[in-house]
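*Asks:* Taking the hints into account, I'd like the entire structure generated from these sequences.
Protein chains in written order, with my numbering: chain A, 6 to 509; chain B, 38 to 345; chain C, 2 to 327; chain D, 872 to 1172.
Every clue listed holds true.
Keeping only pairs whose Cα atoms sit at most 20 angstroms apart, straight-line, the calculated SDA-like set for lysine to any residue is:
#, chain 1, residue 1, chain 2, residue 2
1, B, K221, A, Q92
2, D, K916, B, I309
3, D, K1171, C, L157
4, D, K1171, C, A149
5, D, K933, B, A311
6, D, K916, B, A265
7, D, K879, B, A55
8, D, K916, C, F150
9, B, K221, A, E93
10, D, K932, B, T53
11, D, K1167, C, L157
Derived by calculation from the structure, the hints in this document are not laboratory data.
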Amino acid sequence: MTTRAPLLSARGLKKSYGGVQALRGMDIDLAEGEIHGLCGENGAGKSTLVKILGGFVTPDDGELGIAGQIVPLGRPVDPALLSIVHQELSIIPHLSVIDNVMMGARDVRALYRRGPFRAHVRQTLDAVGLQHVPLDLLAEKLTLAERQLVEIARGIARGARVLLLDEPTATLSDGEIEKVFAVLRRLKSENATTIVIISHRLNEIFALTDRVTVLRSGRHILTADTADLTSDALVRAMIGHEVKTGEIAPSHARVGVAPRLALKDWSLPGRFAAPDLSVQPGEIVALVGQLGSGADMLLESLAGLKPGTRGTLSLDGTEATPRSIPEAYAAGIAYVSEDRAARGVFLDAPIGTNLVSQVLGRVSRAGRVLPSAVTALATELAQSFAIDPARLPHEVSTLSGGNQQKVSLGKAVALGPRLLLLNEPTRGVDIGARSEIYARLRALAERDAMTLLFYSTDLEEVLEASDRVITFYRGAMVRDAARAEVDADSILHDILHGPDEVAA
Amino acid sequence: MLLRWLLLIAMGLIFTLANSYFLAPGNLYSLGESFSLLGLVALGLALTMLVGEFDLSGGAMVAVSGLIMLKLGESNAFVGLAAALAFGAGVGALNGLLTLRLQVSSLVTTLGVMILLSGFAVWLEGGQGVSFSNYDLTDAFNASWLSVLSPRSVITIALFAAVGVALAITRLGRDIIAAGSHRKAATMSGANVASAVLSAFIASGLFAALAGALLAITLGRASSTFGANLLLQAASAAILGGIALSGGVGRPFGVAIGVLVLCVLNNGLGLIGASSPVVMLLNGAVLLVAVLVDGAPGQWLRRSRAAH
Amino acid sequence: MSTQSRSAPLPGPLSGLFAPARVQATVIQIATVAMFLLACLTVDNYATASNIASILYAASTVGIAAVGLASVTISGNLFALSLGSTAAFASIIYIQLSGLGVIGALLGSLALGVVFGLIQGIVVGLLRCNAIITTIAASSLIAGLATAFSGGRTVLATGGPSWLGNGAILPGIPWQAVIFLVVVVVAELLLQRSRTGWELRLRGTNPAAAELAGLRTRRVVVLSYVLAGAGAAMAGALIAAQSGTGNMRVGADLDFSAIAAMLVGGVAISGGRGRIIDVAAGTLFLAVLTNILLVNNFAYEVQLMIKGLAVLVAVTAGALLSRKKR
Amino acid sequence: EGAQEGKKVIFLGADDICEYCAVYNGQIRKLAAAAGIDLEVVTNKFDAAQQATQIDQAIAKKPDAILLWTIDGTALFPSMRKVKRAGIPLLLTDVQPDQKMDDLWVQYSGGNYEEQGAKAAQLMVKAFDDKGMEKKGGVILITGIIGQAQTISMTKGFTETLAKLAPDLTILGSQPGNWDTGTSTQAAAGLFTKYGDQIKGVYAAEDIMMQGVLIAAERAGMDPTKMAMIGGGCEPVGIQNIKSGKQYGTVLQSPVDEATYAVQSLTDYFNGKEMAKSHYVPHPMVTAANVDQVCKPWPKD
Ligand SMILES: Nc1ncnc2c1ncn2[C@@H]1O[C@H](COP(=O)(O)OP(=O)(O)OP(=O)(O)O)[C@@H](O)[C@H]1O
Ligand SMILES: Nc1ncnc2c1ncn2[C@@H]1O[C@H](COP(=O)(O)OP(=O)(O)OP(=O)(O)O)[C@@H](O)[C@H]1O
Ligand SMILES: [Mg+2]
Ligand SMILES: [Mg+2]
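*Replies:* The following block contains the structure:
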């Protein structure tokens, strides 16, 4: 594979943002028709590399050649040659799905007739699992996962020779991921498309890629055939040391005390009906289900975000049904959104401000914010979430995606809630940081007896972080079991097929 | 939008009942004249809002282009018209380039241009109003077709239709909506943001200049004071017509409705001879009703209606 | 060229003067001082107490209105267009109440501004209506009420000018400038240091995130309109105190002057960015510029053209300087 | 006599936001009612384009006559031609357009702005004489909104007359005060800073603007009682300032007179009287000596 001349070849790419060196001299070669994995910690420079290759970021130094031609840097490359599925989605909310897919396509003329493209776009959408989405639907009506799939469909529909996908699976469930991967494999085999995929889920890397490149601190660490790599070797290359995964951690659930969370007749008509659920202090519960299973809505309803929810919610034996987010916070329930950029963090505010933003009362006296208290609390939170305290005055938007996620978590944990609700807690977080976060969450459960409920589409995460797993199918619970009693297969079975077949 | 229609029809009914002349051809003609002036400026402004920007210089452009039209068009009206339109397009391009190159809010750049233009208007006027002695042309533009349509209103309606169609079926139109809807995503996904922004500003300058030139021809006069109230009204009309300040939302047809709401209101109030405070209060009240219908109260209404 | 990163969660007042987000504000501040010094050197009688007072009188009224407006902008609601009519009504009320003494009349006009601001705040913040149209509607309604109330007539103060209208704490420093200073300092502290101010700014950077974070967003939106109403009313009252007259022409240009001062000062229209001292700087920039043009007796059209160019040049300089840092 | 009774007249005028207009509108309503004329008042925000459409509307209503306060002296000629073509008699008030076109209207009644400016110049010369000042040195002008017909005429009348009567008085500077006290204060302050003691007199085209000039003068430490301060209109604020001695004089233009003349003009027309093309209201010069006799306080409604 390495003997052929590379289709794309980059040399000595350097990029710094202010004092932050995102890339410090990065080389990469991509062969025609290979699937190439790009791995590295949060902030390693993966997205920066991809954006430089696409011409969306101008590097400070370096060279780029595609198909034997020197490509000018910092000017968007022809999307029919090289196309990117961006980490921060580039879906345009007020355009229809078909317009979004056709965005950047070269054969759209000044007079834009959609007719000739409809069949092709329909096919592409169907292939990635969007059979149910009408072509003329406005993209703003799509869920996050559907937008991700539209973005992928766009990348595919352009038929580019090089397709770069930056964490395309972070918001997707396993079923959806499988479909996407099937399409990618077909692109490779039928069109000899060169595909680069970034993912923090190592199983995906091993399942899909031919070769892997690892970056660390903006530098090239290794490139190897995937077959020659082990999971441990890959992790070591990414973060420089081992990370323990896969063991079942002991539960810190307190028994013999009143339940922390007790739900009675909790339902949102037409969406979900939860069983009379009870969760102990210190317990970590994963809610698992596909989109539409109601598992994520159940989580949101507990934070008072779903008007129309019926039933009662008790915390530590007292009724505390929240009707709005402030009521939830007042009751000791905190919520972390899955949509980090739109609702999770204040991208344009400093990291420190973000971290204390939900506990302004605690860092102020008589209505006055105390700078020293802010610094102290922000530093403490930054340290416990492995955020570099030196960057506290910088805006969150300057952080890599994974580090932004840590800020989003840190600001909710700052509330010191009794019940912490997490929607996709480590979406886009690298494997090293992820185990740091799980350890931190576990410590909260142990030390403060905090109860955690999280919704995740990432089965690895579910298995690694939870004490107890509750699966959902079409609005109803399928199974409520201790972590030790389930494995990936059984969970997948539950959420894909529901209770009928469990019984069978 | 349905509620805007209802508002419009309700006002039409009320004024028809209150004054038998509301539907008289002469009155509809004058309605068309106001629609034309405000409509052109609002249409241009709406395009800049659609692309996620805001052109404050439209009102001042009306004054300047009128003055150019008459100063250069005394002997040959086409020369004047061409000069006025070229000037409008040029200033629009300048607005667009400044906004794109400097990457600052267009409110700031067009604010500067607006002040500059109003000074330029006074300078052009040179302390005297500028009048037009080509009464043939003026009369031609004051002609009426089917006793309700004037050349100005026909031109305006045609432009509204053309812009509406262009937004729907051209790549540029798609890119304008994309650039306004989500600028960063539009850039990342390969839309031609620069040409979208530039075209919107050029159109805005051009339409405002056309409004000014046509006004000058119909009045046979141009002055630096013309167009003073237009900007605010145009913004009201555009927002009322469903254009969102955040960009990407709304279409020319909606803007036309917004413009009509304001024009019918003021036409009707003028017709029934409402006193100044009443005119102001009713203008405020109608706008307030329109926003309430879009805000939470309207949503409650719709929800409770849906519940029954 | 990199700006020193500091461990304070918010940059202090002196750090990062040339950071991309601050560069325009800094450029305007420097330009204001430079213009003033240049005028002192080149224009006879420029640095006299009476001329400085004249600059400060003009700046104080527009500035106070712009500070109130800035709270609306920074909290994420773009701008308000009801300042002019509020100021006009307040000028009438101020004169009508002048029998109550300066403080009484001032409080009366402020109360009027607060009530109008509160109503707009409720419509925008609680009823979630379009912010711009709401203020345009309010402007029309307030003007209508004021015209009905006054019959369109000018009300005249009896007796001589009060300390508020004409008094100075020092030669060249009128009381109105002192009030402006106090308003700026209080508003700056409120926005930068108070919990409410933090909530207001965070709401401006991202309304959805602020709501999900449980911040008291409705409250700060209502508050911002109250501040805008109060600022406009205060401006109207100060104008009335100066001239001893109140009528519908007061505040005719206030909306645009305030928006211009704020934008030129470097407050971002998209919310969350910018400070009250920027508003003050923008106000002074335009006031000094206007004064220089008037003092040189430039023709009106030349004044306008220079002003427009100055705005463009300042913005361009700010943009180019901040570009380099990126 | 009495032929005007029951006649339908549409009056197109200016909004109440200008005080003069408000008084005028109130008066004409009252006087027309007293004369038995069925008067409909339609106002606009000093917007020539809006007024043009209002004229179209008025034509559609086929009144017995249209009384027009033209917002812009010449912008409305095409509209006036339409009125003429529709066969509706047109009478003008307050603003007199170019008289070359006077076959378009029956009569203009109201102020004579050029004469007002000229009277102001005469009054200024008188002030110099009265105060024992040498007619030498400089004066400044604070004008109305640039580009308006009134502003153009008043400035013309003042400048030409002053040049004739006192050739040694030079006009140092002129700035618009936009019929507004605050704007006038700033404009005058700038000129006072620049010219200081060179300024011996000020002509502000309206008393409400003179009020701004007086404030600026006091702030600049100048004594207005020692200067030739001439306003216009004899408005309430002007009366106050004349009585206190800060303002030397003003030139009367009364909205009450104008409204009276306008109704008279209508009455004359309907009664088939012989009518002159122009019927000007008196513009007497007013000083402290005659202010009480000449200037009637403006009626409250
Ligand atoms: N616009 C920017 N301004 C300042 N710093 C930036 C900017 N974009 C990226 N960085 C910094 O550059 C470094 C590399 O970021 P990049 O987004 O490439 O990381 P990544 O490898 O994609 O991480 P993740 O896995 O979290 O997405 C990070 O330290 C990030 O904070
Ligand atoms: N936890 C974090 N919080 C904030 N910023 C981070 C964090 N981790 C990394 N970054 C930023 O991302 C950039 C690159 O990140 P990366 O993690 O690759 O650096 P690193 O491995 O710590 O490198 P080095 O050891 O050279 O400092 C760094 O400049 C750093 O400022
Ligand atoms: Mg990334
Ligand atoms: Mg590291």
